[in-house]
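Work out the full structure: start from the sequences and follow the hints.
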Amino acid sequence: MVVDNKSAVTQTLLDQLQIKSSKVAFMPDAEIISAIRYLEDKGIPNNKHEDYKYCNIEAVLRKEFKSVEQAFNELTNADIAPLKIDEAINLVVVNGVYSEELSEKMIVKGLTVNSLNELSSSEKVLLCSQAKSDTDALIALNTAFTGNGLFLQVDKNNIIPMPLHVIYVNSGNANIVTNTRSFINIQANAEVTLIESFYNIGSAKVFSNFVSEKFVGENAKLTCHTFQNEGALSYSVNTNQVRINKYSNYTNNTFTLSGELVRNNHNVVLADSNCEAHLNGLFISNGTQSVDNHTLIDHQMPHCESNELYKGIAKDKSVGTFNGKIFVRKDAQKTNAYQSSKNILMSDDATINTKPQLEIYADDVKCSHGTSTGKIDTEALFYLKARGIGEESARKLLLQAFAQELIDKIETPSLQERVLHLFEKAL
Amino acid sequence: MITIKNLHASIGDKEILRGINLEVKAGEVHAIMGPNGSGKSTLSSVLAGREDYDVTEGEVTFNGKNLLDLPAEDRAREGLFLAFQYPVEIPGVSNINFLRTALNEIRAYHGQEEMPAKDFLALVKEKSKLVELDSKLASRSVNEGFSGGEKKRNEIFQMAMLNPKLAILDETDSGLDIDALRIVATGVNKLKSKDNATIVITHYQRLLDYIVPDFVHILYKGRIVKSGGKELALEMEAKGYDEIKAQFDSLES
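Residue numbers (my numbering), protein chains in the order written: chain A, 817 to 1243; chain B, 93 to 345.
Wrong hints could be hidden among the right ones.
What the hints assert, rightly or not - Lysine-lysine pairs mimicking DSS-like chemistry, simulated, CA-CA at most 25 Å apart:
#	chain 1	residue 1	chain 2	residue 2
1	A	Lys-882	A	Lys-836
2	B	Lys-243	A	Lys-1212
3	A	Lys-864	A	Lys-1133
4	A	Lys-1062	A	Lys-940
5	B	Lys-228	A	Lys-1225
Since the hints were derived computationally from the structure, they do not count as laboratory data.
This is the structure we're talking about:
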């Protein structure tokens, strides 16, 4: 049989994962079967796929993950300790599997933390309702081979007084592919801050395919900080499928500080009226890194607001991409939707791709988008130098100023320090 | 203090400074006047180390050092200060952080320790009074949203903080109303001492009523064509630049 190269890469991956993955109880067979069908049909996307134009996942798998060893490392408390955040309850997911042993146990009223296999049938109702296999090959891959990931729920009318910190950590000693899944349900009138950190602490290359479904109930508030520091051996796709309800407020601030390839798909459905979504991002990339932020804000109902601010600094030969799609459906009158992408190129070999996409089907809306990409402001640089500030400090001062408004959004001091420290180091 | 000999500078193919000679000694105030396009701002930019210009000939000695060999930051660290004609807005960098960084880098260059935070804040308080700068402006981003007058006062405030040996005021009077002009000039006068020097670059004589120069030089087509005492400024104000222009244009042709 003759197979083209595209399906060959996908097929090789599927074959290897099928041998080396164990089935999880929570994922319905029907979902797994349709996920595999979709993958076999469409293949892992390459740069011919419009949504993956600057992010050739197929090429990464072909070049870096020809063999998938799944040689996972066991981790201990000592491995996790430095990744923790003092002010938070730290929960740990290792190579896609929720680790009760490594997670901090704390009884907090209204909070449920569990592995996905422990989901009750009533809790399962929403599972896979936002992350649909037939919309994206990476969601399908995750659905087909997901590990026993994390379930987190805040029951209605509960405010969780401290941040929750989920440490998603991968570790292997020969090529690993992880399909980490999380399912976050914030019920009506509940409120929580969720920090999700991503690390690779093994000696092996990791292809990390993360999918999180997040539900924000009526009048609930979910504030998320995504902290990505997976290092040079990591290639990751992180998909957030979020659905928010009436009067709710969802915020995500994504900080990308390392990772050879980082693709973030952040898709938010504003499913009812009077809710708001805020997506922000900051990345700094160097070497041959590629950081690709894709957002989709789907305004379905009236009187909602969305804001996006993405900033990037691309050094060396790195590539930064921002693709922001906003749908305003015909019922979504009185929508306010704003989007801004600002980037600084630090070298002639660095690349920035930005693409705003607005599709508006309602007539009484306010939408705006802006994008700018340029080099560091030479006038400002000269002004600083003329006051005795050296070239390097002057550059740092200007880049920090550029990033500060995003770093200021972090309300957890030790996370803010961690981001600032790594950001300064990367400058 | 500073000795400029036969300084030529160009931008692209265009020669703008065509042989400047000037000596400024400690304790002196020099004014450089001239019509638009005579090279006044180019001179200040070249001295401060802006890289857009090529120095094609000549030399500048500043306190015994070859100024043209130094990058802009080292010129500032050696005690040269340029008050910008158009101060730059830098969103996100607070005035305080900017000045603390500048002050401490200058101190480090001279082998001094960082200034303790308490002393620094006391200095800020003292010096901002000098130019009647609202202390709130100190914590705002550098020049961002400042009025024209506030920007110029901020320049003099920075000068007061950094205590330079030679200050070059580039059209500091432009865009100032009479009250702001007086405040700025008073600030400059208070900073004057026998150990430092000032070069005032201006188009108009007005500023020189407040900052009285010891010497006045007329710059035209990239050369100093006439020098004199403070009365020369008044003469220029009365007669305009036309007579000088005509005289030197005929010499050139």
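Now the hints, each set against the structure:
1. The straight-line distance between the Cα atoms of Lys-882 (chain A) and Lys-836 (chain A) is roughly 14 Å, inside the 25 Å bound, and the hint therefore holds.
2. With a CA separation close to 23 Å, the supplied pair Lys-243 (chain B) and Lys-1212 (chain A) stays within the 25 Å bound.
3. Taking the CA atoms of Lys-864 (chain A) and Lys-1133 (chain A), the gap is about 22 Å. The hint holds against a cut of 25 Å.
4. Between the alpha carbons of Lys-1062 (chain A) and Lys-940 (chain A) the distance comes to roughly 22 Å, so the proposed pair stays at or under 25 Å and holds.
5. Between the alpha carbons of Lys-228 (chain B) and Lys-1225 (chain A) the distance comes to roughly 23 Å, so the proposed pair stays at or under 25 Å and holds.
Hint check: no violations occur; every hint is consistent with the structure.
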